[in-house]
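Asker: What follows is the residue order along each chain.
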Amino acid sequence: MSDIVISVENIAKSYQLGSVGTGTFYGDLNRRWAKLRGKPDPYLKIGEADHGNRDGETVWAIKDVNFSIRQGEALGIIGRNGAGKSTLLKILSRVTAPTSGQIKVKGRVASLLEVGTGFHPELTGRENIFMNGAILGMNRHEISRKFDEIVAFSGVEKYIDTPVKRYSSGMYVRLAFAVAAHLDPDILVVDEVLAVGDIAFQKKSFDKMEEAGKSGRTVLVVSHNMTMINRLCSSAVLLNSGRLETQGATMDVVQQYLALNLTHPGFHQWDDARQSPGNDVVRLKQVRVCTADGVTRESFDIRRPILIEFEYRVLQDGAILHPSFFLMDSTGTIVFLSGGMHAPDWVERPRAAGLYISQCEIPGNFLAEGTFSIRAIANTAFRDKKPVVHFDVRDAVSFNVHDTIEGDSARGAHVGAYYGVVRPILKWDTHLEGN
Amino acid sequence: MTSEITVNPKETWDLIIQPHRSWWDLRLGDLWRYRDLIRLLIWRDFVAAYKQTVLGPLWYVINPVLSSVIFTVIFGNVAKLSTDGLPPFLFYMTGNTLWMYFSMCLTSTANTFTANAGVFGKVYFPRLAVPVSVVISNLISFSLRFALFLAFLLYFYLSGSNIHLTWWALSLPLLLLMMAGLGLGFGIIVSSLTTKYRDLQQLVVFGTQLWMYATPIIYPLSTVPENWRWLLLANPLTPLIEVFRLGFLGVSSVNPMSLLYSFAFMIFTLLIGVLIFNRVESTFMDTV
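If you're matching them up, the sequences are chains A and B in order.
Letter 81 of the first sequence, counting from 1, is numbered 113 in the working numbering, and no numbers are missing.
Letter 217 of the second sequence, counting from 1, is numbered 261 in the working numbering, and no numbers are missing.
Don't take every hint at face value.
Claimed, not checked - Here are the simulated lysine-lysine pairs, BS3-like style, with alpha carbons at most 30 Å apart:
hint	chain 1	residue 1	chain 2	residue 2
1	A	Lys190	A	Lys178
2	A	Lys236	A	Lys190
3	B	Lys240	A	Lys67
4	A	Lys190	A	Lys240
5	A	Lys178	A	Lys236
6	A	Lys178	B	Lys95
7	A	Lys235	A	Lys246
8	B	Lys240	A	Lys95
9	A	Lys197	B	Lys95
10	B	Lys95	A	Lys190
Calculated from the structure, these hints are not laboratory results.
Please read all numbers here as calculations on a predicted model, not as lab measurements.
If we strip away everything but chain A, and leave its shape as in the complex, we get (with noise of 0.2 Å):
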């Protein structure tokens, strides 16, 4: 006998987009009636194709998808918005049918889609403990046995008599996970229901996580949170427009993400010397964001530093420029710029014509996670002279920053959202300074 605990086969589920019938039974039956004389539908529009009984197209949501699961795995599911992440969740916690294949499953699937589903507002916290339980599916002894522990993990000792409509939405989510913290599954679906409360509810939920999988539970996650993923899930799928696109471990599926995530890619070359950006003194050849050993990369690990190179054809003997460029966040925030000015060497120094190659390193521990892009520019603007832009690509490059969570980048062991668009790694000194 195989460990495998889910089997996913040839999964797939569809879509009628538009308008399922006609909305009114009247309307469906005279239809019907209608295609019985062999009449045209009554309810096309001028100038549709008539295909049966819908008046939408279908769509796949997912397709073709294929993977196991084995027991006391903890498997990621990642992928864009659209994706079929949480169809996939679905049909797995059975809320909807799949169009075709089938999922096998060995043990008892809990599956939270959503905190607190059945709470009702006129009952008190107690009751509802109770209720949700029971829709989770946990029976009247396993709550009871339990119930203690949940209410301590929720923190709402006090207002555990109060109906829930009187609760501050924090209060709520807070007392809705710890239900569902507290189902003992053997298979456990979780969909971002982690980020709830405050940071340090976070955190005590998401170590409930970590221990769930680390007591042999198989835990399937769907999140749009790497950092949670890498650091939860030993194995990975990552879905793309309803397929599968692939399955392994962790951080190999998370770059492969990541990559996905990016407009544009860490290289850009021009290959046409009159079509590239420039003038008749600077052409822009190459933009590339590398390691520091020289490999182009889109990823890179948060401690490691990030080379931003260009490359650049100087057409006329004599000129002054400096080749510069604008960090910018995925909000489109600049993050900082730097150039020419920061190479002494090169700010007032005419050049010889010719190709040239400049790298500025962005030490490892110093940008956050996340993606950045890449804004190229050639300028020459010093002392009194009036400045010229050779050229100004937006969107030359763009790269992602992750982090692997070993606990040697600025965040340390913290797991969930960390702030800043920076993430430096600085001196702290401390001491006593009397008592």
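Fit chain B to the known structure of chain A by using the hints.
Answerer: Chain B alone, transformed into the frame defined by chain A:
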């Protein structure tokens, strides 16, 4: 990688998720496993409905008394409909008490899918647990109304009205079971259809009202002309109401054997209902 492992086809799986279950795979065992949920749903329906009200569960008994009073005034005193020689108030209350159970079962199960879409969309449990719990929790309010009815019955009996109990009163549990079965059956049929056609929701409120007038609630069967009586007897609720009256008031013009017809009708409705419900259950989230 794990995907390369071939799964032994002879292995036993606890659960196989497939596009469609067979028509006859009703999963009633699942329902039994979730009995604690049903218990809690019953309790929630009862408790939550009257939290933050002054009179609380008293509303369960005020409603039937008020409507019986209204019936007495309008149909008894104004329209002067016959009540088979029975005290009009008691006559209407008999019909009302039982009918209300049916109509509440029907109307409150009829919106199962639409009213619970939020919960159904997030977590799996046997969907049938919801309508079943509704039918049972309505039994609690029925017993309150029934107790009140018994009190009035006693009062009228002691004040010398022409009423007497018969052995048929013992058939009450059976009558209730049939009421529940019919209400549940029709309710889940409607609820399954409303996932696609919302109009039915409007229709069901109006329909139940109409149905009440087609059932001998405000008039005894005996006043219906002979050549129209078959129409009323085709209504599976007629025998139930009439036997209930026969049992507690001692007057009726129905052959108790017609209960068999109602019973067969109930089994049929319930079967059709459960089959459709199970069919709709697996994909209703896509259309609701």
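Asker: For each hint, tell me whether it holds in the structure or not.
Answerer: Hint-by-hint comparison with the structure:
no.: 1; hint: A/Lys190 / A/Lys178; verdict: holds, 18 Å
no.: 2; hint: A/Lys236 / A/Lys190; verdict: holds, 20 Å
no.: 3; hint: B/Lys240 / A/Lys67; verdict: holds, 20 Å
no.: 4; hint: A/Lys190 / A/Lys240; verdict: holds, 23 Å
no.: 5; hint: A/Lys178 / A/Lys236; verdict: holds, 17 Å
no.: 6; hint: A/Lys178 / B/Lys95; verdict: holds, 27 Å
no.: 7; hint: A/Lys235 / A/Lys246; verdict: holds, 16 Å
no.: 8; hint: B/Lys240 / A/Lys95; verdict: holds, 25 Å
no.: 9; hint: A/Lys197 / B/Lys95; verdict: holds, 12 Å
no.: 10; hint: B/Lys95 / A/Lys190; verdict: holds, 21 Å
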